[in-house]
Amino acid sequence: MDAKKYLIKQISIFSENRPGRLAAIAHTLGEEKVNILAFSIAEANGFGVVRALVDHPQKAHDTLQALGFNIAFTDVIAVKMKDQPGGLYEVAKILGDSGINIEYSYAYSGKDGAVLILRVDQVEDAIKKIQQSGATLIERSVFH
Amino acid sequence: MALWDPRIEEMPKADLQKMQYKLLKSLVYRLYSFSPFYHDRMKEQNVHPDDIRELADVKKLPFMFKRDLRDNYPDRIFTATQDELVRYHVSSGTTGKPTVVGYTQKDLDLWTTSLARGLTSIGLGRGDVIQVSYGYGLFTGGLGMHYGAERIGATVLPTSVGNTERQIELMQDLGATAIACTPSYLLHMGEVAEKMGVSIRNDTRLRTGILGAEPWTDKMRVRIEDWLGIKAYDIYGTSELSGPMFTECCEQKGFHVWSDLALVEIIDPKTEEPLEPGEDGEVTITILQKEALPMIRYRIGDIAAMDDAVCACGRTNPRIHRIQGRVDDMLIIRGINVFPSQVEHALMAIPEVGQHFQIVVERKGALDDMLVRVELKKESFSDKITDLMKIRQNVEHRLRNSLNVNADVELVEPGSLPRFEGKSKKVIDKRSL
Chain Y
334 MDAKKYLIKQ ISIFSENRPG RLAAIAHTLG EEKVNILAFS IAEANGFGVV RALVDHPQKA
394 HDTLQALGFN IAFTDVIAVK MKDQPGGLYE VAKILGDSGI NIEYSYAYSG KDGAVLILRV
454 DQVEDAIKKI QQSGATLIER SVFH
Chain F
30 MALWDPRIEE MPKADLQKMQ YKLLKSLVYR LYSFSPFYHD RMKEQNVHPD DIRELADVKK
90 LPFMFKRDLR DNYPDRIFTA TQDELVRYHV SSGTTGKPTV VGYTQKDLDL WTTSLARGLT
150 SIGLGRGDVI QVSYGYGLFT GGLGMHYGAE RIGATVLPTS VGNTERQIEL MQDLGATAIA
210 CTPSYLLHMG EVAEKMGVSI RNDTRLRTGI LGAEPWTDKM RVRIEDWLGI KAYDIYGTSE
270 LSGPMFTECC EQKGFHVWSD LALVEIIDPK TEEPLEPGED GEVTITILQK EALPMIRYRI
330 GDIAAMDDAV CACGRTNPRI HRIQGRVDDM LIIRGINVFP SQVEHALMAI PEVGQHFQIV
390 VERKGALDDM LVRVELKKES FSDKITDLMK IRQNVEHRLR NSLNVNADVE LVEPGSLPRF
450 EGKSKKVIDK RSL
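Order-wise, the sequence lines are chains Y and F.
Here the first sequence is numbered in our numbering, starting from 334 and rising by one per residue.
Here the second sequence is numbered in our numbering, starting from 30 and rising by one per residue.
If we strip away everything but chain Y, and leave its shape as in the complex, we get (with noise of 0.2 Å):
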């Protein structure tokens, strides 16, 4: 099994937690022509982690990098979900029965349906039971 093909490139910018941070990464990546995917702000009291899925990573990591932006890759993977009641119960079981622990996650849900995106620890380990338990894990392509 090549689990490279899910594991997806998310960008994590340290940000300070003051008014505009969030504008200023924003407007750089459109600027850019970046497109932001899915993303999310992880907050502890006087800073925070942005966390986003980009259609360009390295793009996004070199500009902000430029930028003054301290900013690294991490990386994450997508499972899809059904865009109903019980959607994220379903995947949150399996996820739950396998013994898979989660850092972080966060989801979205677009017109291709709802994906949940997971940071765990093992993750060649996880890849492996997520696929044997029958959910599909969204291969990195996808995203960029």
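One or more hints might be untrue.
[Claimed, not checked] Per the computed footprint, the stretches of chain Y lying under chain F, defined by three or more beta-carbons under 8 Å from a beta-carbon of chain F, are:
id	stretch
1	355-364
2	374-384
3	395-409
[Said to hold, decoys possible] Below, computed lysine-lysine pairings styled on BS3-like, alpha-carbon distance capped at 30 Å:
id	chain 1	residue 1	chain 2	residue 2
4	F	89	F	54
5	F	72	Y	461
6	Y	366	F	89
[Unchecked claim] The following residues of chain F were derived to be distant from chain Y, with all beta-carbon distances above 10 Å:
id	residue
7	68
8	234
9	309
10	407
In short, the hints are calculated from the structure, not lab data.
Note that the structure is predicted; figures quoted are calculated from it, not measured.
For each residue, glycine too, the CB sits at the ideal point set by N, CA and C.
Mind docking chain F on chain Y? Use the hints.
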């Protein structure tokens, strides 16, 4: 009003100066003979004890600085052996190293005497209950006041710092008539008392505050006195001089510096020339009778003016007016001295953060609040919030260890703090006293 030591306190000026000259002369001879440190200093300055022919000749002597204590850590310039010492106190230094002060029994006695005179001069004595809310321990405030208060026959309530509600209960239950603490802590106590439904003015016997260890103003004095219904007196000292040493008298017009214990000069910090009474300059003190750690022309770094006129209280010993500021960038946070260089030093040992920093000091409620902003290094950035929290906790922990005071830490983006700008930009002090 009573005097503790009328002979010294009311001695005519000319006699005070004669006494000081004799004490200075014998101090200088002793140090020249027995202190390798001070012997070398005098040689470098090309001055011999025989050159001290009158009191004004003190200006021929070399200065001492806090760095002399740091450079000779822990006890290399002590002039007493360990078996002659009865106590140590330790304070934070300007960088990682603390400064250590040692005391012989005579040193403690004179320190206590100095405070006994001061406390008597504000009308305290037998029958008073003095609550000592300065920290007990390595800091000189608690133990210094403790012995001074016992010496005058007052009853000491040694509450030390913290647990404010309990302090207020004890103040009420045991009928404290005076409290020794920092002015900001007393304001904090007043606020906490009100939340508990206790009015310090109406529900306690408190009538006197002996307040110091941090800068405050006459505006604060008025606020404290009007609100809490007490008289508030300034007290002054540093661990290098022994600890809290000199208080204002009942006149509240500057603290009396006892001439048999200390010789004060106010100098221009740039030209190092003596200034006239009334002119603001750097307080420079020679402790005349100290045995374990004599300090000659010690440059404290505080700025104030001297008043040499006989005080309305009748005391002839000169006074120093309220401290106006510092010649360096030292900050006082909750009574603890903090140098920005200490912060820099602590940060150097933490690989995850850069060495640029910014200190923001605010007064939240009545208490000082220090925030240190540091830049997270690029290579230390982790997508995991818990990793970042750990870095921040580690910085807070290290700063606490080296500063002896709590600092909140804010991680900021690399390159976001001001660079190449003087000390003033490193510290933003928003406190208005």
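Checked hints:
no. : hint           : in the structure
1   : 355-364        : violated (count 0)
2   : 374-384        : holds (count 6)
3   : 395-409        : holds (count 6)
4   : F:89 <-> F:54  : 12 Å, holds
5   : F:72 <-> Y:461 : 81 Å, violated
6   : Y:366 <-> F:89 : 74 Å, violated
7   : 68             : 53 Å, holds
8   : 234            : 43 Å, holds
9   : 309            : 39 Å, holds
10  : 407            : 6 Å, violated
Consistency note: the structure conflicts with the earlier hints numbered 1, 5, 6, 10.
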